[in-house]
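Novice: Add chains D and B to chain H, keeping to what the hints say.
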Amino acid sequence: MNASILEGAMPVSDAAPAALAQAALAQAALAQAARRARRSLVLMVACVLLIGWAVPWFANAYWIKTLTSSLALSVAAAGVALLYGQLGLVSLCQYALLGAGGWVALRAGHGLGWPFELSVLAGGLLSCVVGMLAGLPALRLKGLYLALVTMMMAGGFQVVVNVTGFPDGGAGWLGRVFGSERLMMPRPALALSDAAYFRYVAVWLAAVLALIELHRRTRAGRSWALIRRGEAAAVAAGVNILSYQTWAFGLAGFCAGVAGALLAGGVGQLDGRAFTAGESVMLFALTVVGGVYHWAGALIAGLLLRAVPALLTDFGVNGYLAMIFFGVALLHALITAPSGIAGQLMGVVDAVRQRFAAPKDKDAAP
Amino acid sequence: MEDYLPFVISGLGLGAVYALSGVGLVVLYRSSGVLNFAFGAIGALGAYVAWTLLEADWPQGLAWCAAVLAAMALSLAYGRLLAPRLSHRDPTIRSIATLGFALVVVGFTEWTWGEQPRRLVLPTDGGALEFVLGEVEVRLTHTRALGLALAVLMMGGVGLLLSKTRVGLKMRALANDRDLSALLGIRVLGVDTVAWILSGAFAGVCGLLLANIVRLQATLLTFLVIPAFAAAIIGRLHSLPATVAGGIAIGVLEALAITVPGFAAFRTATPFLIALAMIVLYRAGTRSA
Amino acid sequence: MQSKRRIALSAVAGALGLAGFSGAWAQAGPDCGLNTGKPATGEPIPIGAVVGKTGPDDFSASGQAAAAYFKCVNANGGIHGRPVDYLVLDDQWNPETAAQVASKLVKDRKVVALVGSTSFVECGANAKMYADEGVMVIAGTGVPRECFNARNYVPVNAGPRVSATIAAMYAAQKYKAKKMVCIIPNIPSLGNWACEGPKEWGKKNGVTVETLTIDPGSADATSTMLQAAAKKPDTIIMNVPKGILVPMLAAAEQQNLGKKIHFVSAAPAYNVDVPKAIGPYWKGNFDVNLEFNPLESAGPDNKNWLAVMDKHGAKSDPRDTFSQAGYLAARLATQAMLKMDPKKIARASVTDALRKVSDFRSDILCKPFYVGSGNRHNANNSGPMASPDGNGWRFAPGGCLTADDPELVDIRADEQKMGLK
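Residue numbers (the numbering used here), protein chains in the order written: chain H, 1 to 366; chain D, 1 to 289; chain B, 1 to 421.
If you're looking for bench data, these hints aren't it; they were derived computationally from the structure. Beta carbons are placed, not taken as given, at the ideal position from N, Cα and C, and that holds for glycine. A few of these clues could be false.
[Stated by the list, open to error] Partial pick of chain D residues on the chain H-facing surface, computed with a CB cut under 7 Å:
1. P84
2. R85
3. P91
4. A97
5. L99
6. V104
7. G107
8. I226
9. M278
10. I279
The shape of chain H in the complex, shown without the other chains (with noise of 0.2 Å):
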């Protein structure tokens, strides 16, 4: 196949009937693909759309408000998926973009009393703008540097949101209570319980990946490869380096603010010792153990964040033992996953799929 995947359809031309046939397949295949890739689009969606319409009727009010925040820091992870999966880059200050989000959040929806969804895209919105500026350096800086860089943002983030304190109803530029109760997050007029509130960030949550996948499926994906590949290839095929990694970084800050202001409306308030450095570096550490190279993995990501802990307070288990219990599962996965449970688990699934499909398209290009 010589087609150029960045040219789309192929030209035709008056060469032999041979090459014809052969381009004629090509296009088949392509349309194929395009097809294959919209039935993954809508499959993905309607998964997290069933997740969050199913989970409510089995869980209790712990569950659901556990896998509330687990969906929403889904989000998040989605965003470092991105990041490192598609352009290999590691930011390790997304749970700092996150928090800044849920700020903005927190003081526009107690203060201008903005509706929810507003206050999400304004916090979405400062975190994608925040996130290409932290993404500048990334020009300069590759690997080990750049986490290191994002790092020191995230202690910088870490230092300030302690003095600062996160917005709870009062007024000036901070929005912090001082003579009287502290105000919880006011939640969307359609989603005031937890459970409905738990569909409702699930149908945020089917919103953002499909945008992300979106984006891998167009023009954006097919320039980030490049990209990866090396920066003199996609110089050579006329990609613009500077304006789509920093879009890249723009759309992980966008999903991890949109995750903040999520998680903001879920809990109630947000808490400035809960936004340290090292919470940065556990979200791309189990990202990457999630998978980055597929969506569940930003799921499963989510899971293990918030659920899996949980799960360990709920059987009893003293805190210090669960510590020990992720370090040797983040080592474990880390050394025998390389694309991670997600990845894993397609492994199973497509074996599966390879078993019951394989009398039938024998005969089928690959």
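Specialist: Showing chains D and B alone in chain H's frame:
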């Protein structure tokens, strides 16, 4: 001037902390290509071991040796059993894996020793260098002065090791390209062992000093690596003298930041701000690590 | 030979007699609930607690003490035949986790009350939910401002603001201090609240108090102590947790600040490990306010607490001030529930009964405790002073001092309305 002297002196103590940790981190990075998140955790465990032995009335020297040995053993265990399995992955993943190890060590330490106010007292705490300027009196305990001296000594010693000895050369080669070094006939496992034992020894010594200068508390000592990374960044993950100078500078500036009225509440962000400023101001082409 | 055998026999008889006597004494056991000695077998009453165990400090002792007391109550007839089903959950010092576990207790397990909670983060995270669900919390120990400013949250302890005020009052009285510096972590509802007590008291009594906020995660205690000393105070009030207190006092010792400045502290410093950790430099120069009467006091309720812990608690449970607080909370709740009809014990009726508590006495507390229907609760606002003495504590003469914090004016008004002292 009187207002600033106390903070310059106390900043030197803090700077020693950052310089020591920074050197330990850069040493391991240059000799194995891994940024060790578990550096603080391993040192903390060593310090707790020393505290327990001192409470049981062991002699000082033996307690310290036990602490350093414990740290070396832990470091070696990771370096020989776990690190080789990740040697084909990219450096960031290998560094994140040390985070997993750090969680295991911190969890174990906190679970075993629990939360009880403790203090690791070293014999050098008794004496101090006194600085008097007018009415202002500041003291730099011998422990902190020792910390500064050790940072410089380690810098010199390890610098010599890496640049002038065969073992150092092999370590640098291994960190640079593991597969190629193996092809050239360098005994990979042997050199790895040396590198991790060395790092463990540093972690043990740093742990003892940090537990004395800062606080004997495992989680805090573990996450003290994050400001220490700032010192490592100033040294560009390569130059030990720059790391030491950077660490001391960060410490002094963080302490001096108390005197700045609006900034005092944010002074713990000083290491991060300085590291970021260094990155922005001293861009040197594409830095690949 | 004859006399030796007689001596031996009488010794054995004496020992047996003593054993029998102490056996009878042991059978009397600690005093809990109805004291019937028979286990309760009715329908369990669910009660919960949220404690901060995994994190910067371990507050779980209050949950453990309350659990021991409830076990004792269950072994002694329960609440008119109904045992207490007590569950303690760890919020890991994370407000998100605190909201989740509180949801589990209140919404899933449908507890009738929470007793013995001690957490740094759960007051802020959960106070509104408790108010919305109409469930009362008789907490062991509260720390930040939200714990002392909620309608449904009743801490048994005095709180860092009241405790620091008493310490300041003591320093002014004993050392004639006129200028003080109050050191406190910069955590939002603590850093801007707990040192205001000494400050406002000082304004009315001719003493200037300056606040110094610190970052609890900072590695540099020396600069903080130098900063405090640069303000040239007579007294430094430490209002920090004991984990941070020890390195700060170590830094102060290394700078020899104890020579010219008196150091006092709020209640977190009162702990059996602190005197040994801070060392002999501070003997006679460090005064700590206690929220309850001393751990080794000889009062009957204090001894009962120790007896309950020995009989029904684990050996590894700390017997510290958190434990005292948990015991008191459990005893208060039990006493209130025993006054109710056992068939009508439900969340709403328990909440009413708890609000009616107005004269709970214990020799662990300086004054009688009450709940009342006010908008906030801070009934415990007095305590004695102590000072480290070698490996233990020496108690100041003068007993309990009551805080003269101007913010307590609404509490005093509530007390007047309830017709108390």
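Novice: Each hint needs a verdict: does it hold in this structure or not?
Specialist: Consistency of the hints with the structure:
Checking D/P84 against chain H: minimum C-beta separation of about 10 Å lies over 7 Å; hint violated. Because the closest C-beta pair between D/R85 and chain H is about 5 Å apart, less than 7 Å, the hint holds. Nearest Cβ of chain H to the Cβ of D/P91: about 5 Å, under the 7 Å cut. The hint holds. Proximity of D/A97 to chain H holds as hinted, the smallest CB-CB distance being about 5 Å (cut-off 7 Å).
Given the 7 Å rule on beta carbons, the hint for D/L99 holds: about 6 Å separates it from the nearest Cβ of chain H. For D/V104, the shortest C-beta to C-beta distance to chain H is roughly 4 Å, which falls under 7 Å, so the interface hint holds. With a cut of 7 Å, the hint placing D/G107 at the interface with chain H holds, because the nearest CB-to-CB distance is about 3 Å. Because the beta carbon of D/I226 sits about 5 Å from the nearest beta carbon in chain H, less than 7 Å, this interface hint is met.
Hint status for D/M278: violated, given a least beta-carbon distance of 10 Å to chain H, over 7 Å. For D/I279, the interface hint holds, since its Cβ comes within 7 Å of a Cβ in chain H; the closest pair sits about 6 Å apart.
Hint check: violations occur at hints 1, 9; the rest are consistent with the structure.
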